[in-house]
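Peer 1: Below are the chains, spelled out letter by letter.
2 protein chains.
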Amino acid sequence: MGNNQALKENKLLFEGSEKKVEICIDDQSDNLRARGDDYWRLIVSQSEAEIISKISNQQLDAYLLSESSLFVWKDRFTMITCGSTSLADAIVYFLKDQPTDKISSLIFQRKNEYFAHMQPSSFPQDAKKIHQQVHGKAFRFGDIDRHYNFLFHLDRPFSPPTNDTTSELLMYNIQGELAEMLREKNNTSENIREALEIETILPGFHIDDFAFKPFGYSLNAIKDQLYYTIHITPQMESSYVSFETNVDLASSNSNVLLQLVEKFSPGSFDIVSFNDHSAKNIPPSYHCSSKSKSDLSCGYSVSFYYYTKNKKHWLKPYQFSL
Amino acid sequence: MGNNQALKENKLLFEGSEKKVEICIDDQSDNLRARGDDYWRLIVSQSEAEIISKISNQQLDAYLLSESSLFVWKDRFTMITCGSTSLADAIVYFLKDQPTDKISSLIFQRKNEYFAHMQPSSFPQDAKKIHQQVHGKAFRFGDIDRHYNFLFHLDRPFSPPTNDTTSELLMYNIQGELAEMLREKNNTSENIREALEIETILPGFHIDDFAFKPFGYSLNAIKDQLYYTIHITPQMESSYVSFETNVDLASSNSNVLLQLVEKFSPGSFDIVSFNDHSAKNIPPSYHCSSKSKSDLSCGYSVSFYYYTKNKKHWLKPYQFSL
Numbered sequence: 001m002g003n004n005q006a007l008k009e010n011k012l013l014f015e016g017s018e019k020k021v022e023i024c025i026d027d028q029s030d031n032l033r034a035r036g037d038d039y040w041r042l043i044v045s046q047s048e049a050e051i052i053s054k055i056s057n058q059q060l061d062a063y064l065l066s067e068s069s070l071f072v073w074k075d076r077f078t079m080i081t082c083g084s085t086s087l088a089d090a091i092v093y094f095l096k097d098q099p100t101d102k103i104s105s106l107i108f109q110r111k112n113e114y115f116a117h118m119q120p121s122s123f124p125q126d127a128k129k130i131h132q133q134v135h136g137k138a139f140r141f142g143d144i145d146r147h148y149n150f151l152f153h154l155d156r157p158f159s160p161p162t163n164d165t166t167s168e169l170l171m172y173n174i175q176g177e178l179a180e181m182l183r184e185k186n187n188t189s190e191n192i193r194e195a196l197e198i199e200t201i202l203p204g205f206h207i208d209d210f211a212f213k214p215f216g217y218s219l220n221a222i223k224d225q226l227y228y229t230i231h232i233t234p235q236m237e238s239s240y241v242s243f244e245t246n247v248d249l250a251s252s253n254s255n256v257l258l259q260l261v262e263k264f265s266p267g268s269f270d271i272v273s274f275n276d277h278s279a280k281n282i283p284p285s286y287h288c289s290s291k292s293k294s295d296l297s298c299g300y301s302v303s304f305y306y307y308t309k310n311k312k313h314w315l316k317p318y319q320f321s322l
Numbered sequence: 001m002g003n004n005q006a007l008k009e010n011k012l013l014f015e016g017s018e019k020k021v022e023i024c025i026d027d028q029s030d031n032l033r034a035r036g037d038d039y040w041r042l043i044v045s046q047s048e049a050e051i052i053s054k055i056s057n058q059q060l061d062a063y064l065l066s067e068s069s070l071f072v073w074k075d076r077f078t079m080i081t082c083g084s085t086s087l088a089d090a091i092v093y094f095l096k097d098q099p100t101d102k103i104s105s106l107i108f109q110r111k112n113e114y115f116a117h118m119q120p121s122s123f124p125q126d127a128k129k130i131h132q133q134v135h136g137k138a139f140r141f142g143d144i145d146r147h148y149n150f151l152f153h154l155d156r157p158f159s160p161p162t163n164d165t166t167s168e169l170l171m172y173n174i175q176g177e178l179a180e181m182l183r184e185k186n187n188t189s190e191n192i193r194e195a196l197e198i199e200t201i202l203p204g205f206h207i208d209d210f211a212f213k214p215f216g217y218s219l220n221a222i223k224d225q226l227y228y229t230i231h232i233t234p235q236m237e238s239s240y241v242s243f244e245t246n247v248d249l250a251s252s253n254s255n256v257l258l259q260l261v262e263k264f265s266p267g268s269f270d271i272v273s274f275n276d277h278s279a280k281n282i283p284p285s286y287h288c289s290s291k292s293k294s295d296l297s298c299g300y301s302v303s304f305y306y307y308t309k310n311k312k313h314w315l316k317p318y319q320f321s322l
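Those protein sequence lines, which keep their order, are chains A and B.
For the first sequence, counting from 1, position 150 maps to 150 in the numbering used here; every step adds exactly one.
For the second sequence, counting from 1, position 237 maps to 237 in the numbering used here; every step adds exactly one.
One or more of the hints may lead you astray.
It does not matter which identical chain is meant; a pair holds if it fits inside one copy or across any two.
[Stated by the list, open to error] Below, simulated DSSO-like cross-link-like pairs (lysine-lysine); rule was C-alpha separation at most 27 Å, straight line:
(1) Lys312 x Lys293
(2) Lys291 x Lys316
(3) Lys223 x Lys291
(4) Lys312 x Lys291
(5) Lys185 x Lys316
(6) Lys291 x Lys263
(7) Lys316 x Lys137
(8) Lys74 x Lys263
Since the hints were derived computationally from the structure, they do not count as laboratory data.
Chain A with its partners taken away, still in its complex shape (with noise of 0.2 Å):
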């Protein structure tokens, strides 16, 4: 998806894993949404992404941008961003005017990566960048020879109330009808859309999408202050699949996750949860690889599993272009 720095070296590669931020603040006298698109496209800028479009309700902005998505509402962001963008400036550029003992939750956390040559910075380095300006902790969730997560968490007590609920579905590698069409060039926003058959899995959100060229795909989501988002890098030499969302998926008995999985069927996937104790009802073709979990210390009880596809067969060799 977008124009990236890590498309000069070869189109076809892109890092579609995603770094993510989450900050909470605790003060009734701001309110981040009244900031405004300004101060919001300075914030993207640092992370060198840029907003491409806006959808609202009463709860919340969501943003599209050119690598994923924003959301803002009144006492809370999440901004996630792919490619080769640098997060961790936005974060710190936002720490450099804001009181920091007015925030009580700050998460910030980067998945295993294709590509990490092609990244700015490592996570210890962003980590500590971060820590600069608020302490916290640094974890890596899942062994160091499979896929894992690093998070970062702010060192201050927090209580999450009760629907705070956060579920990720990392996807890599997608095969199937779904992956083909995905990668043929100059989809349009609709067709995915219908291919997707979104709106059957989670009905009734307000959707703002884009289809990038040649190929690439990105959906916000909203409905009251729940959202969910989506960001498809099909190529078949770097493909990537993200869902997330803040529907509380034990109660509202969502079989959103396994429904993609089917949809997408990844060579691998994992997922990432924050206080969600909804049922993994995973299909047998795939297998346990590693899973992970903590109850740390900012309020959040985190898990983290991922998954592979059960592989009986030879692979041929993939050939590069020389």
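Dock chain B against the given chain A, drawing on the hints supplied.
Peer 2: Frame of chain A; chain B shown alone:
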């Protein structure tokens, strides 16, 4: 192991996973061994590594390097380097004053890395650099979302001698008693060699080994035209052990791979083999996560296997120091 650029960022992080090249020449008037130590010191220095020591026999010279190993026969050499070395530069340097029509085989490999962001180049960049000197083909064995092995080979028909086999065992995330002992600082090469009990596995080799400070170990072993080599990066944050040999494991009926897997108890390991048709006796606690093979046009049948340990328990997240 060794002093290395990568150590600058964090003393605990060291990229053990290797780059490797094997070049065969077909020129009765040439003798690679006769080029002498100063010549090979120059070649090694092009990759930012250094020669530490040397052993020889009638058939070959085996150099232990600050980052891995170099073996030189009359008509071929194998060079393996780890850390953030630039092996492709050494290859280009070798090729520049070498009649390229006398090169009968060139195979360059890179493993997937723990810390790709610390590398001076990516595999596609390396492959393109070598391709500018000698026309070749480039492949990835293994799925992009799991472990994999990159391979570039000279695009020229070659008939390897029937006894020309190579087996590589690459172990990640080592655990257990031996791993704990290796993580202790200031082990001697004598006590590491004893703990490895290597003499009972492949007997009768002449051994040259080195224990790095504070930890890390390298071993070269030779017997007639045969070699094996072991490189150990024990530190918890990036543990890695490689074993490689040109001993024909099928005809020697050796169980060395199985014995090493049992000793190091890795979280995952890869086996890469060239014209090796030995049976793979893998402990049942491991799961074949992917396998790939191909009969390459350069005359070698190459197989890649990626095994992961079955994990039923929850993993505690790893906490970074900030």
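Peer 1: Hints first: check each against the structure and report whether it holds.
Peer 2: Going through the hints against the structure:
{"no.": "1", "hint": "Lys312 x Lys293", "verdict": "between (30 Å within a copy, 13 Å between copies)"}
{"no.": "2", "hint": "Lys291 x Lys316", "verdict": "between (29 Å within a copy, 9 Å between copies)"}
{"no.": "3", "hint": "Lys223 x Lys291", "verdict": "neither (31 Å within a copy, 45 Å between copies)"}
{"no.": "4", "hint": "Lys312 x Lys291", "verdict": "both (23 Å within a copy, 8 Å between copies)"}
{"no.": "5", "hint": "Lys185 x Lys316", "verdict": "within (25 Å within a copy, 43 Å between copies)"}
{"no.": "6", "hint": "Lys291 x Lys263", "verdict": "both (23 Å within a copy, 25 Å between copies)"}
{"no.": "7", "hint": "Lys316 x Lys137", "verdict": "between (42 Å within a copy, 15 Å between copies)"}
{"no.": "8", "hint": "Lys74 x Lys263", "verdict": "neither (35 Å within a copy, 56 Å between copies)"}
Hints 3, 8 from the list above are not met by this structure, while the remaining hints are.
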